[in-house]
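Asker: Could you put together the complete structure from these sequences and hints?
In full-length UniProt numbering, the protein residues as written are 1 to 353.
These are calculated hints, taken from the structure and not from any lab test.
It is possible that part of the hints are untrue.
[Unchecked claim] In silico BS3-like cross-links for lysine-lysine, where the CA-CA straight-line distance does not exceed 27 Å:
1) 352 to 225
2) 183 to 225
3) 154 to 107
4) 352 to 183
5) 100 to 154
[Said to hold, decoys possible] Listed next, with one range per pair, are the computed distances between beta-carbon atoms:
6) 57 to 261: 33 to 43 Å
7) 235 to 73: 43 to 53 Å
8) 76 to 266: 38 to 48 Å
9) 261 to 146: 18 to 28 Å
10) 102 to 332: 47 to 57 Å
11) 302 to 95: 30 to 40 Å
12) 79 to 224: 49 to 59 Å
13) 225 to 30: 44 to 54 Å
14) 186 to 318: 14 to 24 Å
15) 271 to 73: 47 to 57 Å
16) 200 to 232: 23 to 33 Å
17) 65 to 102: 25 to 35 Å
Glycine included, every Cβ here is placed at the ideal spot set by N, Cα and C.
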Amino acid sequence: MVVRFASYNTALSRPHSGALLAALKSGKDKQVLATIALLQEVHPDIILLNEVDFDASGETVTLLQALLSQSSSTRTGLDYPFFFCQPVNTGMPSGRDFDKDGDATDKGADALGFGDFPGQYGMLLLSRFPIDHLASRTFQHFLWRDMPNAHLPKCTCGDAWFDDEDLAVLPFSSKSHWDVAIKVNGQVLRCLCSHPTPPVFDGAERRNFCRNQDEINFWSDYLSKASYMIDDQGRRGGFENGDFVLLGDLNASPYEGDSDRTAIQNLLAHPTMSAIGFPNSIGGVEHSPNANVKHSAYHTAVWHMQADYVRPSRLLETVGQAVFWPDSRDNQHSLLNNTSDHRLVYLDVIIKP
Numbered sequence: 001m002v003v004r005f006a007s008y009n010t011a012l013s014r015p016h017s018g019a020l021l022a023a024l025k026s027g028k029d030k031q032v033l034a035t036i037a038l039l040q041e042v043h044p045d046i047i048l049l050n051e052v053d054f055d056a057s058g059e060t061v062t063l064l065q066a067l068l069s070q071s072s073s074t075r076t077g078l079d080y081p082f083f084f085c086q087p088v089n090t091g092m093p094s095g096r097d098f099d100k101d102g103d104a105t106d107k108g109a110d111a112l113g114f115g116d117f118p119g120q121y122g123m124l125l126l127s128r129f130p131i132d133h134l135a136s137r138t139f140q141h142f143l144w145r146d147m148p149n150a151h152l153p154k155c156t157c158g159d160a161w162f163d164d165e166d167l168a169v170l171p172f173s174s175k176s177h178w179d180v181a182i183k184v185n186g187q188v189l190r191c192l193c194s195h196p197t198p199p200v201f202d203g204a205e206r207r208n209f210c211r212n213q214d215e216i217n218f219w220s221d222y223l224s225k226a227s228y229m230i231d232d233q234g235r236r237g238g239f240e241n242g243d244f245v246l247l248g249d250l251n252a253s254p255y256e257g258d259s260d261r262t263a264i265q266n267l268l269a270h271p272t273m274s275a276i277g278f279p280n281s282i283g284g285v286e287h288s289p290n291a292n293v294k295h296s297a298y299h300t301a302v303w304h305m306q307a308d309y310v311r312p313s314r315l316l317e318t319v320g321q322a323v324f325w326p327d328s329r330d331n332q333h334s335l336l337n338n339t340s341d342h343r344l345v346y347l348d349v350i351i352k353p
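Answerer: Okay, here's the thing in structure tokens:
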């Protein structure tokens, strides 16, 4: 059975709580409609959507499922009866002055993860196949200080940026890290999902740079079966066994950008990870005419960088992959209008019984 996995930073997040839900209900929001059309065109079987504001009522998910299922004269609807959507750290009040400006009430900068309201920039995994929620794991609350060799930021004088009271509440994950168990063709496959903070928008202490580095390092440790991590369900230890697909906007590139490249390079070269090349596009090359052609083919964001990933485990057989970025001469190029500043990435793999 060939299964298509995809990752897409939709940029659907809105500046106020409830605004995305209102846009979905209206049925007229251009970005929402364009996003639905693009997803129906690519037709993934399992997809991680980044930057979908978390809604505890579940209504946002229900509306997205309904919109995606509606066929049109040109596209077939997508049926996603199964989903995984959990709270994230973005916008969650910390009670601490994380940015050290003397005001602990800053909504975004002092939240557990940057965000102006709880759930902003959330994640949603949609699937055609059943999800085993009891076997799935989340790491929303694991503290940064409890990560061995954590790259905690320091002031320019060398002192620690975060004090003990900060570290008593600050999680390593700016949103959350998920290990989602999905039952496909008679076996369980794991989807490793995350959206690390951008390694910029901070100060000389580079706290976002450090956090992005460790959010990526976590997956390397997890795949190496490290024993230190404890999930939100109280279970200790890293990845067990089996096939997996790593999904998400990692805000890091092995070639360019502002992140610590060693972290992403080590993850991509992990012994459990497939050594296949990266997905590419013609549109990425066209968009970055002055960049290295090889690297620009891998770009997944309009600011000329590879940021988004769908990477399979070593034993999964890959039969196709691409960045959905048609060039300007392609009729499909219009599908990018009114959509995200990221591009969807997909991977086709054979899941044997």
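Asker: Could you tell me whether the CB distance from residue 102 to residue 332 stays inside 47 to 57 Å?
Answerer: holds (51 Å)
Asker: For residue 183 and residue 225, compute the direct alpha-carbon distance and say whether it is at most 27 Å.
Answerer: Holds, because 22 Å separates the two Cα atoms, which is no more than 27 Å.
Asker: Keeping to a limit of 27 Å between CA atoms, is the pair of residue 100 and residue 154 held or broken?
Answerer: holds (12 Å)
Asker: Is 47 to 57 Å a correct range for the gap between the Cβ atoms of residue 271 and residue 73?
Answerer: Since residue 271 and residue 73 have Cβ atoms about 48 Å apart, the given range 47 to 57 Å holds.
Asker: A range of 18 to 28 Å was offered for this pair. Does it hold for the Cβ distance of residue 261 and residue 146?
Answerer: holds (25 Å)
Asker: Is it true that residue 76 and residue 266 lie within 38 to 48 Å of each other by Cβ?
Answerer: holds (40 Å)
Asker: Quick check on a hinted range of 14 to 24 Å for residue 186 and residue 318, using CB atoms only.
Answerer: holds (20 Å)
Asker: Is the distance from the Cβ of residue 302 to the Cβ of residue 95 consistent with 30 to 40 Å?
Answerer: holds (37 Å)
Asker: Is 43 to 53 Å a correct range for the gap between the Cβ atoms of residue 235 and residue 73?
Answerer: At roughly 48 Å between Cβ atoms, residue 73 and residue 235 fall inside 43 to 53 Å, so the hint holds.
Asker: Given the hint that residue 352 pairs with residue 183, does the C-alpha gap stay at or below 27 Å?
Answerer: Answer holds: residue 352 to residue 183 is near 12 Å, not above 27 Å.
Asker: For the pair we were handed, residue 154 and residue 107, check the Cα-Cα distance against 27 Å.
Answerer: Since the Cα atoms of residue 154 and residue 107 sit roughly 23 Å apart, the hinted pair holds (cutoff 27 Å).
Asker: Is 33 to 43 Å right for how far apart the beta carbons of residue 57 and residue 261 are?
Answerer: Hint holds: Cβ distance 40 Å, inside 33 to 43 Å.
When held up to the earlier numbered hints, the structure conflicts with 12 and 17 and fits the remainder.
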